[in-house]
Structure formats: structure tokens, C-alpha cells
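Undergrad: Sequence:
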Amino acid sequence: MPYISGFDREQLMCCSWDSFVDKKSIARIIDAFVNSLDISRYGVKPVSVEGRPAYDPKSLYKLYIYGSRKGIRSSRKLAESCRVNLEVKWMLGGVEPDFRTISDFRKNNIDSLKEIFHEFNRRISGAVEWGFSSVDGTKIQANNSKDNNFTKNKLDDRIKWLNGHTDEYLRILSEMDEEEGQQDDPEKLTREIIEAKLQEAQERLARYESYQKLMEETGVSQLSITDADAKLMKNKNGFTVAYNPQTAVDSKTHLIRDFQMTNQVTDHGLLENTMKKIKEEAPEAIVEVVADKGYEDTDDMVRCLEKGIIPHVITDDGKDGYEIEIPYEEAEADITSAEPEELKKALHAGKIPEVYKEVIQDIKVEEVRRKVVDEKEGCTSIYGSAEEMQEKAREGYFVRDPERNLVYCPAGEILRQKCIKKNGNIRYANKNACKHCKNRNRCYKGKNEWKEIDFTKDQLQKPCKDWLKTEGKEPEEMKIKEKWHYEKVKIVRFFLKPDQEKMSQRMCLSEHPFGTIKRAMGATYFLLKGMKKVAGEFALFCLGYNLERAKNLLGFDKMMELMTEA
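Note that the working numbering numbers the sequence shown so that position 131 is 131, with each residue one more than the last.
Calculated from the structure, these hints are not laboratory results.
Heads up, the beta-carbon is just placed ideally off N, CA and C, and yes, glycines get one too.
Worth double-checking, as some hints may not be accurate.
To be verified - Straight-line alpha carbon distances no greater than 27 Å define the calculated DSSO-like cross-link-like pairs of lysine-lysine that follow: (1) Lys518 with Lys107; (2) Lys457 with Lys371; (3) Lys392 with Lys488; (4) Lys351 with Lys497.
What the hints assert, rightly or not - The following label-pair restraints were derived from C-beta to C-beta distances: (5) Asp147 with Asn441: 26 to 34 Å; (6) Gln11 with Asn35: 28 to 36 Å; (7) Phe556 with Glu96: 24 to 32 Å; (8) Pro340 with Asp56: 39 to 47 Å; (9) Glu358 with Glu119: 28 to 36 Å; (10) Glu366 with Lys532: 42 to 50 Å; (11) Lys422 with Lys490: 21 to 29 Å; (12) Thr218 with Ala282: 37 to 45 Å; (13) Lys252 with Lys532: 25 to 33 Å; (14) Lys532 with Glu119: 14 to 22 Å.
All chains, please: the whole structure from these sequences, using the hints.
TA: See the structure below:
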């Protein structure tokens with residue numbers, strides 16, 4: 001049976017480059033869109049300013065957008081595509097920039113890509129009907145390894161480990177001095193090797209101590225050496241140094257309407273910021289957004305309501321809404337208006353705006369008593385030094401240093417801040433220290449493998465009752481002395497009831513774009529460093545996704561018509 005025959009490689013052809021590209025290829029949409037852009041609006045910085053002419057910035061933008069859609073991201077692979085990919089050759093007119101030109105132009109002009117993404121959405125907005133939005137976040141790996149990311153607990157462990165090794169090296173050198181003159185054992189380590197190891201340990205110790213000092217002075221919870229903006233985050237595969245981009249996906253078209261790049265470990269408090277741009281585009285309309293339990297932050301929900309955004313955040317089982325308290329502010333408000341200023345006035349005056357009648361219930365003004373602190377006597381530790389705190393801790397107490405924001409435990413370990421609870425208490429823990437502590441059962445017998453202890457802002461020490469019981473001492477608890485009184489204040493309390501039907505659609509809306517971006521486009525990590533550059537790189541992913549999605553929704557001919565409009 002004969003095979004399908006191919007063409008004769010030596011046959012001469014008379015054809016145009018346009019014939020090599022499919023009539024409905026996405027390359028034609030990208031080409032039409034970028035050609036119609038006014039590049040001067042985006043502050044484009046050409047790579048070369050002297051000597052031979054620079055490459056057309058529009059050609060490089062076409063290359064980036066096409067490469068992002070096709071999963072071709074590295075500068076070297078993009079440069080190779082300019083030589084072997086017929087669609088790329090057609091878009092760029094046959095020019096072949098090298099990888100360094102491609103890389104430099106991307107680094108210098110990455111900020112403009114988010115503006116180009118918004119321009120694309122603006123052009124298609126007249127042809128689609130927007131619904132409500134679904135906001136969610138995902139973790140995308142940063143250009144920073146876990147070894148070059150430090151938390152305070154991690155630095156404590158490494159400093160302790162290096163101090164032990166330094167002491168051991170010094171002890172070995174001391175023994176060598178005492179045995180000087182005796183014949184060396186060839187199997188033993190030589191003085192030169194020990195001194196080299198000691199110097200290396202001391203250098204690492206000094207570096208880690210400088211990191212620790214910097215973190216305590218700046219108050220940061222993490223320190224990344226390669227990419228300072230990235231943070232250690234938990235994902236389904238464990239922990240990784242990453243960013244947490246937030247996207248707002250439309251319910252009717254599944255297009256990405258906007259995004260926000262963050263390095264926040266959780267999604268708490270990010271709902272209003274992610275929806276801000278969408279609301280600005282429709283100042284007179286009330287926009288709605290759905291989100292999962294990770295966005296459960298009543299302050300964030302209040303900010304949304306004040307701006308004209310209705311938040312539908314999934315509730316815990318057994319609940320159908322959120323009870324929210326805000327300060328009362330007497331004002332004359334127009335409850336028929338949808339203006340953010342009038343909405344804020346009405347809410348704080350205890351009135352339900354007409355646009356919120358379906359989601360806000362049982363609003364009322366109440367007078368409550370609140371504790372007010374007048375002054376504190378000794379807002380710092382009562383101990384003179386860290387050594388005194390450690391000595392007190394060894395007696396069987398958890399001693400808190402409010403200036404350095406840490407706790408010394410009875411076993412001599414340091415517990416660092418883990419989180420701040422809703423009631424304002426600070427939770428401290430040190431998982432690694434507890435796992436290897438010989439005295440763990442003397443202070444903790446819970447189900448977990450580590451001790452977690454909560455301190456209020458005015459507490460200085462807490463007794464470890466089981467530890468003190470074995471020592472035959474009476475437990476005592478130390479607090480910062482303070483003067484306070486109660487005041488009567490007015491608050492507005494209301495019940496926010498999310499729309500259950502809209503919340504049921506959240507999963508399919510938010511997960512679809514992330515799945516496409518990560519799997520089809522291969523965007524599981526960032527090539528660039530820094531929040532601004534990473535945001536520009538993510539804009540490429542979102543633009544590539546929206547291009548394909550809009551093409552399937554509107555059709556090729558309609559897309560070409562929209563893309564050529566200036």
C-alpha cells in the first residue's frame with residue numbers, strides 16, 4: 001500500500017508569505033491588534049539608541065503575546081521561533097532579533113503589558129455582555145529557591161546549629177594545641193581543614209545574624225534573597241516561594257476582566273482591591289463578586305459595600321450570612337443613590353440603600369460599651385536584657401519580649417509570631433524546636449507535634465503549669481499595668497446575606513482560567529523578578545488566555561473588526 005507522498009524539496013514555488021499562514025490563525029488577530037496600538041502611550045523604551053536602527057517595538061510585542069499563548073516563554077526559544085516558525089516570521093516580517101534583544105526589551109518595557117491587556121478588554125467590551133465576577137487566587141512559583149528564603153524561625157534554627165558547630169571546631173582546635181608536638185594521625189582532620197571549616201561557619205553565622213537583625217528592624221516576616229518581593233507560600237504540593245495573583249473572571253464570558261499581583265500568603269482582604277478597576281469602569285453601576293471562604297474578612301466586605309460592590313463570600317456550613325459591625329456616623333444620606341459616597345453615608349447612618357435591599361437585612365443602630373486604654377505603665381519588657389528573660393523562662397515560664405516580638409520557652413527555645421487572631425491575640429510557635437525537644441511533654445500534651453501559645457498585647461509572661469508543678473513552684477502571670485475605662489459608643493449592626501445561586505457558580509468560573517494558563521500555556525513559574533515585572537509577565541498570560549477565549553466566543557471575523565479599531 002503506497003504512502004501519502006510529500007512534495008519535491010527541489011521544486012520551485014511562486015507564492016506569498018501570507019499563503020503560509022492559516023486564514024483564521026490567532027497570529028492574524030495578534031498582528032491586527034498590535035499594529036493598531038499607539039505605542040507612544042505606553043512609554044516604550046527601544047533597546048538600541050545608537051548605531052544600527054532598533055527593532056520595531058510592535059514586532060517584539062507580537063512575539064511576546066504569541067509566545068505566551070503558545071507556551072514559548074524563554075528569550076532563547078522566542079529567538080529560535082523567529083527563525084523556524086512560519087507564523088512568527090509572517091508577523092515580524094522576517095526579522096530575527098537575538099535572545100538578548102528580546103530579553104532586554106521585555107525587562108525594560110514589562111510595565112506596559114498590563115495597560116495593553118486593559119486596552120484589549122476595552123475593545124471587546126462593546127461586543128460582549130458582562131455578568132458578575134468571580135475572584136480567586138493561585139500560587140505561581142517565583143524566581144527564588146526555598147534555600148534563599150528565610151523566616152525568623154528558620155534563621156533561629158540555623159544560627160543555633162552554626163553556633164554548635166563553631167563551638168565544636170574551637171574545641172577541636174584547642175585539643176590540637178594541647179597535643180602539639182605529637183605525631184599527627186593521617187586519619188584525623190588537619191588543622192588547616194578545621195580552620196577552613198571554622199571560617200566558613202563564622203562567615204555564614206555573621207550573614208544569618210545580619211539577616212535576623214534586618215528582619216527585626218524592618219518588621220518583615222520573611223526575607224527572600226534572590227527576589228525580595230516573593231514569599232514562602234503553601235500550595236497543593238507543599239511549600240514554595242511564590243506570588244499570589246488574584247483574577248476577576250466574568251460569569252458569562254469566562255474572560256479575565258482584571259487581575260492584581262500580590263505577595264500576600266492568604267487571600268484575606270484582597271477582594272475590594274481586585275475589583276477596584278472593574279468598578280471604576282462602571283462608576284454608576286453596582287457590581288457583584290463571588291469568592292470562596294479564603295476571602296472571609298468583614299472589613300474587606302464593608303469596603304466593598306462602601307464602593308458599590310456586592311460581595312458574595314461563601315459561608316461556613318450552617319450559616320447563611322455574616323453579622324457585621326461598623327462605626328455609627330450620623331449623616332443625611334440619599335438611599336436611592338448608587339454613588340459610593342452616598343452608599344457609605346447610608347451604611348454608617350444605619351440605613352439600607354435601595355440597591356442593597358436583597359443582601360442586607362436587620363440593620364440597626366445600637367449603643368455598646370467599649371474598653372478604652374488611657375495609658376500604659378511600662379510598655380516594654382520589665383526585664384533588662386534577653387539573658388534575664390531567658391533565665392526567667394527556664395524557671396517554667398513563657399516570657400514575651402514585646403520589642404523583638406518573640407517568646408522564650410522554658411526549654412530555652414525561641415517562639416516566633418505565627419499569626420494574629422481575630423480577637424487581637426498574638427500566637428507564637430516554633431514547630432522545628434518542639435519536634436526535637438526532649439522536654440516537650442512537660443509543657444504540651446496536645447494532638448499536634450508543637451506548642452502554640454497566645455499572648456494579648458499587654459501580657460509579658462505566662463506560666464507553664466506542668467513545668468512548674470514538677471519544680472514545686474506557684475504559677476504567676478505578669479501583665480503590663482494599664483489604666484483604662486469604658487465608653488459608650490454607637491455602632492451599626494447588620495446581616496449580610498450572600499446570593500446562594502451565584503456562590504454555587506464560583507468553582508467553574510475561577511478554576512477554568514488558572515487551569516488553562518498553567519497547563520496549556522505552561523505558566524507555572526515566573527521568569528522575571530520583582531512585583532512590577534511579575535505583574536507584567538502575568539498580564540501576558542491573561543492577554544493570551546483572553547485572546548483565545550474571545551476568538552471562540554465572537555468568531556474570527558468579529559475579532560478582526562474589533563482589533564483594527566483604534
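Undergrad: Would you mind marking each hint as holding or not holding in the structure?
TA: Do the hints match the structure? See the list:
Distance restraint check for Lys518 and Lys107: the Cα-Cα separation of roughly 22 Å lies within the 27 Å cut-off, and the hinted pair is therefore satisfied. Under the criterion of a C-alpha separation no larger than 27 Å, the hint pairing Lys457 with Lys371 is consistent with the structure, at around 14 Å. Annotation: proposed proximity of Lys392 to Lys488 is violated, straight-line Cα distance about 40 Å (limit 27 Å). A threshold of 27 Å between alpha carbons decides the hint, and for Lys351 with Lys497 the separation of about 16 Å falls inside it, so the pair holds.
Our hint of 26 to 34 Å for Asp147 and Asn441 holds, since their Cβ atoms are close to 33 Å apart. For the hinted restraint 28 to 36 Å between Gln11 and Asn35, the CB-CB distance of approximately 34 Å keeps it satisfied. Evaluation of the 24 to 32 Å hint for Phe556 and Glu96 yields a pass: the beta carbon distance comes to about 28 Å. Against the hinted window of 39 to 47 Å, the Cβ-Cβ separation of Pro340 and Asp56 comes to about 43 Å, which satisfies the hint.
A hinted range of 28 to 36 Å for the beta carbons of Glu358 and Glu119 is consistent with their spacing of about 35 Å. For Glu366 paired with Lys532, a C-beta distance near 45 Å keeps the hint of 42 to 50 Å intact. Our hint of 21 to 29 Å for Lys422 and Lys490 holds, since their Cβ atoms are close to 22 Å apart. Take Thr218 and Ala282: their Cβ atoms lie about 39 Å apart, and the range 37 to 45 Å holds.
For Lys252 and Lys532, the Cβ-Cβ distance of about 31 Å falls inside the hinted range of 25 to 33 Å, so the restraint holds. Checked against the hint of 14 to 22 Å, the C-beta distance between Lys532 and Glu119 comes to roughly 18 Å, which is consistent with it.
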